[in-house]
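Residue numbers (numbering that gives the first Met the number 0), protein chains in the order written: chain Z, 0 to 347; chain C, 0 to 174.
There's no promise every hint is true.
Claimed, not checked - EDC-like, lysine to aspartate or glutamate: derived pairs with alpha carbons at most 16 Å apart: (1) C:Lys106 with C:Glu56; (2) Z:Lys3 with C:Asp66; (3) Z:Lys264 with C:Glu56.
Stated by the list, open to error - Listing some non-contacts, in silico: residues in chain Z with all C-beta distances to chain C over 12 Å: (4) Leu156; (5) Glu177; (6) Gln228; (7) Asn303; (8) Asp319; (9) Glu336.
Everything labelled a hint here was simulated from the structure, so no lab data went into it. Think of the CB as a built atom: it goes at the ideal place given N, C-alpha and C, for glycine as much as any other residue.
Chain residues, written in single-letter form:
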Amino acid sequence: MGEKVFMQGNEAFAESAIRSGCKFFFGYPITPSSEMPEYYAKKAPEEGLTFIQAETEVAAFNMIAGVAATGKRGMTATSGPGFSLGCEAMSYMSAASLPSVVVDVMRPGPADGEILGSQGDYFQLTKGGGHGDYRTIVLAPYSVQEYADFAPLAFELAEKYLNPVVVASDGTLAKMMENVVLPERTSGPERQPWAVDGAKGRPHNDITTCGDGPEQWEAFNLRLQAKYQNIRDNEQRWEEYQTEDADVIIVAFGVYSRVAMAAMKMAREKGLKVGLIRPITLWPFPVKAFENLENKDFFVTELNSGQMVEDVKLAVKDKDRVEFYGRLGGMIPTPVELFNKLCELYMK
Amino acid sequence: MKSEIIFSGIGGQGTILMGKMVCTAASKKGLNVTLSPAYGQEKRGGRASCQVVISEEMGSPIISEADTILVMDEKSFDDYEGKVKAGGTLIVNSSMINKKPNRTDIKVMEIPFTEIATEVATARSANMVALGAVVKTLHIVDLDDAKAVVAAKMKPALVEANIKALEAGYHFDER
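So here's chain Z without its partners, still in its complex pose:
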């Protein structure tokens, strides 16, 4: 275990990615993600990193595809407007089975919107964003420690499944400073047998996403779908607190789940049986967390107009027992405000 340092979320992720052997960063600055390209640019000379400020996010995402095709670790970080531009490459990297890591530091949209925290990109990150039948693993950290821990995890998952992984951060977590223990240094993976890094000592490799007739392309798609099912079966992650005896279970993700946790504690202090489920993988959505919960109400709260709530309704037995409360535009309720909302809905 390393020493604890007091660090900002974005910088902790960038440092952790460098320590995980991610030597390539391509990006275009956008608040609230810009500390990541800044950190890489600053560290590039002493650490021997490659940093390029691309001309647009379109270019940055395609540069990541290029690095991933060589089997090396590369990443980009952006916010919603930039992620929208990168979606063509997300679709491409998914079809080409390229193990890349992208951080989306969510800010309130639509369009340019605002620069504070938000969870408005949930649909975009979990349902595709780009075209075609593809899925990307989406990790939602809730503390600076978890943000840093998810850098090596994101690369490991990307390489295990040969698939892009998105880290769903937001403007609050990005700027927040907390104590963090950074990971040990690793050098990243050995030369990958599938990579296009020159055919020295092995047969020539192809990475292609071009169909060769509908039968062949259906078979290609079915192989992708089988991979996604494998990820659904094995990678659902979540945390739950006091759900067993709960009458009402709050469902919240990301750093905002800590506001929900504080509201839950207030409720418990008043003798109300309230629990919490915090999805950690937004895709695959942790449906297993809801499997054995009978006869309970679910209070889904998000910093958007109601996106994850759709997945909760698919996961629970009785969707009529799901309520939603959201805030928009960068507004975040305080624990007391959220607790009052909870009381308003359930303690009539």
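With the hints as your guide, set chain C onto chain Z.
Coordinates of chain C only, in the frame set by chain Z:
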């Protein structure tokens, strides 16, 4: 044991620096610290504030009310007077704020940070006077902890003056 603190002012007054210093001192004691900053888009002159939570276990970075709130300008005073917990402390930069608080259920410390800083060091150390006043209200971080952070974080030539300012703020209510 838990401490929730808000530092609010305008860009350039060092509110986020003060928050970082309190966090650094508390984290040296093994406590969990969370600092959530809020900036305007301007480099100077815009709102700059931060919320600090110090606790044994990780808590919500967004707080409902605070034990101690430092307000460095009038706009912050207007926004945050109502956010102090009953029995908590509102520390007012009376060098820049002429308003009087309406609340009677909180302790109010009105301190002319700039004048005191000018007296013991230079006007630029006004935020260290403010930090000293904040530290006085905390149970978790004491004056020596804050001094150690100042000594570690500042250029050697500035340490002495800033420690004087810090002490002056800490001992203000004994004047």
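Going down the list of hints, with the structure as the test:
1. C:Lys106 with C:Glu56: The given pair, whose Cα atoms are some 27 Å apart, is violated under the 16 Å limit.
2. Z:Lys3 with C:Asp66: 26 Å, violated
3. Z:Lys264 with C:Glu56: 13 Å, holds
4. Leu156: Since the minimum Cβ distance to chain C is about 24 Å, Leu156 of chain Z lies beyond 12 Å and the statement holds.
5. Glu177: 5 Å, violated
6. Gln228: Fine: 35 Å to the nearest Cβ keeps Gln228 of chain Z off the interface.
7. Asn303: 16 Å, holds
8. Asp319: Holds: least Cβ distance 30 Å, greater than 12 Å.
9. Glu336: 7 Å, violated
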